[in-house]
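Colleague: Chain by chain, the residues:
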Amino acid sequence: MDTAERLDGARLWRMVERMAARVAERRAELTELDQPIGDGDHGINLHRGFQAVLAKREALSGQAPGAILKGVAMTLLSTVGGASGPLYGTFFLRMAAAAGDAPSLDAAGLVRAFEAGLAGVKERGKAEPGDKTMVDAWTPAVAAMRERLAAGGGLAEVLAAGAAAAEAGAQATRPMVARRGRASYLGERSAGHQDPGATSSAIILRAMSEVAAEAPAS
Amino acid sequence: MDTAERLDGARLWRMVERMAARVAERRAELTELDQPIGDGDHGINLHRGFQAVLAKREALSGQAPGAILKGVAMTLLSTVGGASGPLYGTFFLRMAAAAGDAPSLDAAGLVRAFEAGLAGVKERGKAEPGDKTMVDAWTPAVAAMRERLAAGGGLAEVLAAGAAAAEAGAQATRPMVARRGRASYLGERSAGHQDPGATSSAIILRAMSEVAAEAPAS
Amino acid sequence: MKKLINAVEDIVPEMLEGLVRAHPDRLRKLEGHNVIVRKDAPVKGKVGLVSGGGSGHEPAHAGYVGPGMLDAGVAGEVFTSPTPDPVFEAVKAVDGGRGVLLVIKNYTGDVMNFQLAGEMAAAEGIEVASVVVNDDVAVQDSLYTTGRRGVAGTVFVHKIAGARAAAGGSLQEVKQAAEHVIANVRSMGMALSPCTVPAAGKPGFELGEDEIEIGIGIHGEPGVQKGKLMPADAIVDMMLDRILADIDYTGRETALMVNGMGATPLMELYVTTRAAHRRLDREGVRVYRTYVGNYMTSLEMAGFSLTLLRLDDDLKKLLDAPADTPAFKQS
Amino acid sequence: MKKLINAVEDIVPEMLEGLVRAHPDRLRKLEGHNVIVRKDAPVKGKVGLVSGGGSGHEPAHAGYVGPGMLDAGVAGEVFTSPTPDPVFEAVKAVDGGRGVLLVIKNYTGDVMNFQLAGEMAAAEGIEVASVVVNDDVAVQDSLYTTGRRGVAGTVFVHKIAGARAAAGGSLQEVKQAAEHVIANVRSMGMALSPCTVPAAGKPGFELGEDEIEIGIGIHGEPGVQKGKLMPADAIVDMMLDRILADIDYTGRETALMVNGMGATPLMELYVTTRAAHRRLDREGVRVYRTYVGNYMTSLEMAGFSLTLLRLDDDLKKLLDAPADTPAFKQS
Ligand SMILES: Nc1ncnc2c1ncn2[C@@H]1O[C@H](COP(=O)(O)OP(=O)(O)O)[C@@H](O)[C@H]1O
Ligand SMILES: Nc1ncnc2c1ncn2[C@@H]1O[C@H](COP(=O)(O)OP(=O)(O)O)[C@@H](O)[C@H]1O
Ligand SMILES: [Mg+2]
Ligand SMILES: [Mg+2]
Ligand SMILES: [Mg+2]
Ligand SMILES: [Mg+2]
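Protein chains in written order, with the numbering used here: chain A, 1 to 218; chain B, 219 to 436; chain C, 437 to 767; chain D, 768 to 1098.
A couple of the hints might just be wrong.
To be verified - So, partial list: chain D residues that the calculated Cβ filter (under 7 Å) puts toward chain C: (1) L771; (2) D1000; (3) P1032.
Worth flagging that the hints you see were computed from the coordinates, not collected in a lab.
Every residue gets a Cβ at the ideal spot worked out from N, C-alpha and C, and that includes glycine.
Please model the complete structure; the sequences and the hints are all you need to start from.
Modeller: As structure tokens, then:
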């Protein structure tokens, strides 16, 4: 356990690539989740966005974390569309602001960035926990990361805790009746289906956690 | 065998009612025959027409054969539509003209009426035997009736021979490549399907033959 | 069968009532007949234009009734030519003293029923002429068969004959304009899915998930051949191959109609429009006007047809003339 | 999935190319963006009108670009709100110096993306206002939820705000006209069959042979409830019950839109038009104008929606004003 371990740009970019890979693998599943309670495009949207992010490899991969996060934010904002585009865009943009231009982040800095991202999503989308949205993945994830950090956890542990909490949070959206986003149009009929945006949030966090757990490359 | 037996209006009307009943029973089959090589309405069309004929019972049932045939003709003409409407209309109109205002027809008179009807259909529709139309039912039917008449057959025998020949004629349309009517648009693809109009012609003649074979009512 | 209908036997009159209720200032229905006429019919001194056929091709034909196009549209049962009586009634209702032209699509039933109506009208002293539209190149043209079907090209006949009539043309001139279109218009259609005649209750043919019908007509009948599903560009090419081989369009200005069969999203029609334009560009055929939409349909069939009308100065002028009908508006 | 397309990812730009090729004298596409603008944009001295949303609703929105309606239509991916960039480009392209109104349908994605674009434009000194259309009575209206969806009533917003802009109205006046429509327009939809987002490859929901979805939106999503197939008259009654209970139309003149979802034959739309008129007659609601057709669709979904716009003298005048766009023509 190395509490002094830091997340630099190179490693963050590997995380971004892993997010893109995991979204690509699971896009059909995300789209299928979006069919019964949405319009069946969430996986398609997010995949399009992360492919556009990958195309910026040259410009972004050598940057500091803040610049990478900003590049991801702007790219998602201008390629994803739908509800999740501005929401993920805002999320990463607020993370970028929190990261500033530091060459690397420690676990505490990363958790602060996630907190800022979550606050941004809530501000932009006006959703609260229990509304059956991505907020239901990020809220417990941020709480779990904060807790693990306070217990002295390093990057990998903090992210692992966050990913597990996000996954539980996403699953917990299943019985909820949606009050925000497209699923809200279904009223009671939205209960019984897991929220796609909460699920993609958990996928994204799990991708970061995977990379954090691996031995840093070169 | 009663070669002197005559077909009066009352009996002809019973034949017309039988035609309507048989068309009603078999309309789905006629429509199904019209689907692969036509537009799937032949049974519907003819049924609509014969139901309209039945509604004229009061005006027609007490008339002489010629008047009944003319009533049937005009009703089919103005209610069937499609190709079969004018063709059956013409068929019965020419039969009516051949029947004139005689109070009854003998077998020879009936066969002459069928000959006139067939000539009318060929004139109006320009189809020849082998074109895969109702002409392929009526042509052998008229020939068979003529033959049985020459052999001394009475009404019931003549009609039975005609019905059998019409049925065989209808079946013989199956391998034909259509040259007239909607089925002609299919070219070679029309082969392998029995013609709906030839089939309904056989049904009509069989209905007449059934009534002729029954003991005259009252 | 899932349709927005009440009783199967009431569809045609209910549809016509809906049409007249939507356009009460423009259209009226002839009492007791499935015939829609211009509210101001007969238009004195104008040649009357009557068309029609089986129902199920909406907006054809009643949707083309109005200034610059038809005076009356006669609606038969679904996919069944109307009987002579309503056609005769339509002729009487629109005869403004200069005669009436019947625009007939080339189907045995339509031709016979309309011509019988024409004979009835002539017997009452109304001057009647008729033209038979046969634009479908999918069908082999031959003297020994029924010949080609009339399909979406019929709408161009309505438009151009209607413009000539509106401009004061004589019955002979209006008929000539219609024949001029017929000589220069060619169409071909394809289907992704069949349609169901309401009274029949089941589809006219069946298609596998990767199959299409090529060379369909407009009555839900199968096409002249089955094919495999292809990209839109390839389908368009195959259809244009047939049309362009039939008459020479090279270097000529043409009107293009991309017609949906009833259930085709406009999105897909525009994708095929793009393909048709690109191909025509390559062939040196200049598209003068493009019409995209549901003009001559087959109930809820998915698919489309392409129609090319070869133009000259006279046809261009008549095509450009205004028309104001429920389904065809041009100013 | 059977569609007339080439590659799934090319559908939107290919469709827009087809649209522009069909109307080369009227429309142009912004280079590099899925945005259609009037060929003569920006119109000097006129407030600009921009709308848009996901694709798959054709002719909405690009089909309503033209004199009397929109200046630009922005097309997202199928059923996916466009991102802020193309909306921003559209605003810049149509700003004639008197500001630009954004007409947004009430979906989380549309609202966020359009408002971001508005902020970008404001930052460049362009005066931008926006309205959010939420006419769908199928959805419970509530402060604590996303609220009602914007559906076919949006077309009336385009028409009436467009007329006010064409008449020289200020940005504030054009916005007020749009809000006046929004306050008075209500819609409800139903589906006989689902539709398939091309990139998803399979239908958004499944329905039995005798089932319908009631209270659908326009994105292929299931409705608020499933129901049994009923006669058209009963379906119309059920939908009008909801609309008429929402705001009071009694004794008022209204505009009626009978909107097909994409694969509904016009024949069926006219059957439902008849039913709607008969019911409104009984309710003492006078139908001032009726629009029947595919105005705001969901790809190849079968079904329809009803929209009622309660009119006053000002709205009547603006509704009657001419419009000349590919999909909405009125003279
Ligand atoms: N107001 C909101 N706040 C937070 N998240 C939201 C909100 N609205 C929608 N979402 C999230 O966005 C997801 C849907 O994204 P996507 O399908 O890409 O967009 P759209 O709903 O426009 O099709 C939902 O599953 C939900 O998690
Ligand atoms: N030219 C013709 N001569 C004789 N019979 C014909 C001709 N054209 C069509 N038919 C007959 O009409 C039948 C089809 O009738 P129907 O389905 O009622 O009319 P439509 O083809 O107009 O839908 C065909 O099966 C054929 O027997
Ligand atoms: Mg979605
Ligand atoms: Mg038939
Ligand atoms: Mg027919
Ligand atoms: Mg979406």
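Colleague: A separate judgement is required for each hint: does it hold in the structure or not?
Modeller: Checked hints:
1. L771: holds (4 Å)
2. D1000: Holds - the Cβ of D/D1000 comes within 7 Å of chain C, reaching about 6 Å at its closest.
3. P1032: Result: holds, 5 Å to nearest chain C Cβ.
Checked against the numbered hints above, the structure breaks none of them.
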